[in-house]
Amino acid sequence: MAEAKYLHHDKLSAWLEEVAGKMRVLAPVRQGDAVVFAPYASGVQVEMDKQATTPPKGVVFPASEELLRYDYQKNPEQPGQVDVELLPVIQPEPTLVFGCRSCDARGFVIFDRVYAGQTYKDPYYLARREATLFAVIACLRHDITCFCHSVGGGPGDAQGADLLLTPIEDGYVVEAVSERGAPLLDSPLLEPARDKVEQAQTLRDKAPRNMGNPTDFAPARDKLMAVFDDMDFWEDVSAKCISCGACTYLCPTCYCFNITDEGAGLSGRRVRSWDNCMSSQFTFEASGHNPRPTKAHRLKNRVGHKFSYYPALHDGLISCCGCGRCIKSCPVSVDIREIVVRAMGHALPAKDKD
Amino acid sequence: MTPASTKKNATAPAAKKNPAKKTGSKPAKSTAKAQKTAEPRAAKKTSKASAKDSAKKTAAQAIPKSSAKTPVAAARPINPHLAANPYLPEIGTIIETIQETHNIKTFRIKLGSDERMQNFAFSPGQVGQLSVFGAGEATFVINSPPTRKDYLQFSVMRVGEVTARLHTLSAGDRVGVRAPLGNGFPIESMQGKDIVFIGGGIGMAPLRTLLLYMLDNRDDYGKIRVLYGARSPQDMAFSYELPEWLERTDMETVLTIDREAEGWEHQVGLIPNVLLEMTPTPDNAVAVTCGPPIMIKFTLQALKKLGFQDDQIITTLEKRMKCGVGLCGRCNIGTKYVCVDGPVFTYAQLRELPNEL
Amino acid sequence: MNVLSQLKEQIAATLPNLDLVIGWERGFDPLHHTPLFMRRPEDVERLVIDALCVHNLAVYLPGLKNKKVGVAVKGCDSRAVNQLAREGLIKRENVVVFGFPCDGAADLTKVRRQLGDISGVQSAALEGDLLRVVVDGKERETPLKDVLADKCLRCRYPNALTHDHFAGEPREARVQTDDYKDVVDFEALPLEARFAHWQQEMQRCIRCYACRNACPMCVCRDHCVAQSRDPHWVTQEDETREKWMFQIIHAMHLAGRCVECGECQRACPVDIPILALKRKLNKEIRELFDFEAGVDPQAVPPLLSFQVEEKNINERGW
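Residue numbers (this note's numbering), protein chains in the order written: chain H, 1 to 354; chain R, 1 to 357; chain Y, 1 to 318.
If you are wondering where the hints come from, they were derived from the structure by calculation, not from laboratory data. Since this is a predicted model, take the numbers as computed values, not measurements. No residue lacks a Cβ here, since even glycine has one placed at the ideal position from N, Cα and C. Each hint should be verified, as a subset may be incorrect.
Covered by chain R, according to a simulated footprint, are these stretches of chain H (three or more residues, beta-carbon under 8 Å) [to be verified]:
#, stretch
1, 45–57
2, 67–77
Some chain H residues judged to face chain R by a derived CB distance under 10 Å, without partners named [to be verified]:
#, residue
3, V29
4, G32
5, Y125
6, L203
7, F233
8, S243
9, E262
10, Y310
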């Protein structure tokens with residue numbers, strides 16, 4: 001692995017510009033009162049001090065993308081015959097996501113298990129995944145809503161990262177944590193990090209301790225199944241949910257999607273777009289039947305998927321990176337940690353039947 | 001002839017005795033100029049970084065019980081086209097349509113060349129996604145058996161946007177096809193057993209593929225009994241082949257409708273009640289049932305009464321689906337994705353699933 | 001007795017006759033309150049009333065239509081109760097409204113602007129006219145008036161306009177009239193500037209529809225044009241055009257119905273200032289029909305009625 005480097009604050013813009021000459025660079029920038037990942041351009045102020053409002057999920061898994069274009073054409077020799085032509089579109093752009101947090105990068109590790117599945121893989125996702133590098137900033141302070149250390153990650157964790165930046169003195173220690181990340185360190189703007197590497201390690205080691213004791217969510221896997229039929233419990237914990245999609249769309253690990261045909265007349269686009277399991281349409285069947293008819297059923301599935309079903313299918317891995325955006329940005333402050341903890345401690349009512 | 005056959009002539013005008021042989025429909029010449037595209041270049045491997053990292057990572061939690069993979073699934077053919085890009089349909093041409101009932105229409109679809117049809121492998125009970133571009137996709141069972149390779153047959157009940165658009169199509173029209181998907185029936189473990197088919201309404205479609213497959217491999221299976229019910233004679237799909245089923249001596253066919261209808265000479269009564277009268281024995285037998293939820297509920301009770309165990313009862317599920325390949329995340333019941341772990345389940349398996357049908 | 005104790009008493013006394021009462025309690029941090037669904041007497045103890053009670057709890061009422069529900073409301077929230085009842089979306093007799101004098105609700109976006117990142121907030125205290133917080137061990141403070149929601153600065157209805165119980169003494173309104181200066185000022189900008197503003201703002205919309213779902217008057221719920229295929233007015237594509245189209249439809253559907261509780265804007269996770277669109281329509285509705293939704297429980301909403309000759313619409317003789 002390449003030698004660790006030190007990047008002084010003063011050199012940050014120059015270095016980003018240098019990288020931007022080779023590939024698209026996305027960085028957290030302010031838009032209104034929000035911080036979102038947007039293309040870096042010289043002079044743009046990069047927001048390094050806090051978690052971005054939205055995760056960089058869309059870089060690899062866009063909010064919408066064309067799966068294919070379709071085009072119906074009349075056969076000139078047989079006017080009654082209309083042929084259809086399909087054109088799948090996969091055009092990933094080499095990209096560096098700069099300045100996301102460990103949790104943000106780790107979201108894709110959760111995605112990979114599904115989208116690089118054994119039988120069917122998602123070529124659109126994988127093409128972007130391969131074209132995207134992540135330069136992660138280790139968190140030396142945390143938000144009240146952060147719980148990465150309870151779900152298999154950590155504030156200085158390098159899972160899913162290619163570069164790891166640790167804030168130190170007047171700059172960052174930059175370490176390549178993947179082979180793909182190493183070439184990015186090859187710049188005259190970076191200086192050898194020397195003993196700062198150890199200091200950075202010490203800071204990163206300290207960070208999770210500041211977060212308090214992690215919650216052990218492992219028992220949730222079985223417990224959530226045990227409380228599955230206790231609808232009183234689910235109605236209680238979902239009562240204040242307003243069934244919007246803020247939690248799912250801001251979640252770095254929520255990967256569910258919709259497919260719709262968009263277009264008019266003879267040509268158009270088959271589009272894959274983020275979908276939201278908190279919406280009743282998610283499972284609404286053409287017959288009128290809905291297996292998850294209420295928000296209680298839907299929240300149960302959302303929590304169950306993350307803390308029980310996914311772990312059962314993927315070696316105990318929890319489908320949550322602990323970024324806390326679902327809590328912090330929920331219009332009514334639904335707290336998924338609280339729901340899981342309550343489920344784990346929930347005494348089941350005595351069964352009256354069966 | 002049998003009364004059933006007179007009935008269906010009234011309701012199934014397009015019915016032909018052996019429609020596949022005649023090429024009444026326009027030849028599907030140069031069927032699709034489809035898919036002129038580079039294969040996705042990154043489909044094969046995940047990024048190095050992530051592969052390495054997941055190897056490096058220690059799972060935060062221990063893994064108690066192993067996640068049981070669907071045990072009933074037989075060999076499950078994978079379409080190499082879909083393995084490369086699971087969202088990209090092949091273009092098929094409708095070679096024939098049959099108006100089965102007022103709201104069910106059957107489509108016989110040919111994919112590409114004859115050679116492609118010969119190579120197209122699937123297992124009875126697997127499903128396909130049909131596309132009408134502009135409207136979208138919907139999932140239907142392939143109800144022709146894999147032993148008959150002239151076309152793929154899908155029967156579509158008109159309920160929503162995609163099915164309404166499908167119903168406007170006729171021979172010569174193109175559709176997108178993503179198939180086969182799902183698990184299919186456990187045909188191997190059913191070998192040597194007596195089979196009881198119990199189908200209600202459009203629920204007969206998934207049974208048809210299995211039934212025809214078994215008739216084409218008749219020696220591999222024991223006694224075959226079919227109970228097929230519909231609301232009325234007019235609601236009975238596949239009416240054009242029922243006379244043959246009724247005539248065959250190597251199977252028993254019972255037809256029933258909910259209420260008396262003029263000219264009907266078969267059973268009258270709800271499926272579970274007729275089933276009880278048929279008294280199929282559970283010894284070395286498997287019951288395969290599909291139909292509306294209320295019928296399934298009472299059919300299960302009847303089968304239990306007859307002594308069938310949960311693992312002797314097989315059914316197929318329906319869910320709203322999009323991707324069909326286990327990625328889009330909506331058709332799950334707990335850890336099971338109906339699109340890949342199903343749609344075929346034994347009742348024993350269903351009882352293991354959380355209550356979210 | 002202070003307002004909170006009085007309110008708790010009123011709720012505790014009424015709760016046995018109701019399925020539930022909705023109020024607020026402390027949420028995941030000292031600056032975030034969260035809706036509280038009180039079903040048992042001990043739940044009432046968790047109730048809080050202060051400037052952090054930002055949610056309009058009337059949003060839950062249409063979904064609880066067949067239940068006997070109590071709800072605590074600020075003045076602006078109470079307009080939603082009136083409007084919902086007037087439109088037949090709730091049965092007023094099934095709702096027990098608990099009013100109290102509202103001194104204004106904080107806008108956490110403004111708090112962030114004033115105090116910086118508050119995601120590590122350890123404590124918060126409202127002391128007189130000051131909001132004091134401790135964030136990452138450091139104390140910070142701001143005058144409360146600098147962080148009150150805009151709607152509160154122009155509030156004319158601080159006391160519930162409809163209520164079955166009222167805790168405390170009604171307070172005086174901050175202002176007597178709403179001059180819609182914000183709308184006037186924005187409309188003074190050139191068309192291009194206004195369009196550029198919305199393009200810039202709507203670009204970051206994530207289409208979560210928190211704006212829609214937090215709106216007490218948005219009652220189409222599962223049949224919203226946002227997802228409808230028939231009519232297919234918006235696509236699912238992540239385009240500013242589509243997002244903007246939805247906001248316009250949303251605002252138009254609220255013409256004469258919007259009670260300006262500002263929940264759409266408050267709920268937005270990416271802070272898009274979408275209340276402005278509803279303000280524009282409310283201004284028009286006021287000028288055309290002299291109507292404000294939810295203020296007079298008896299008034300017939302203009303778009304639910306018809307007059308051959310509208311007073312302020314010149315339909316002939318342009």
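Hint check:
1. 45–57: violated (count 0)
2. 67–77: holds (count 5)
3. V29: Interface hint status for V29/H: violated (24 Å vs cutoff 10 Å).
4. G32: 31 Å, violated
5. Y125: 9 Å, holds
6. L203: Violated: closest Cβ of chain R sits about 21 Å from L203/H, beyond 10 Å.
7. F233: 14 Å, violated
8. S243: It is violated, given that the least Cβ distance between S243/H and chain R is near 16 Å, above 10 Å.
9. E262: 9 Å, holds
10. Y310: 8 Å, holds
Violated hints, listed in ascending order, are 1, 3, 4, 6, 7 and 8; each of the other numbered hints is respected by the structure.
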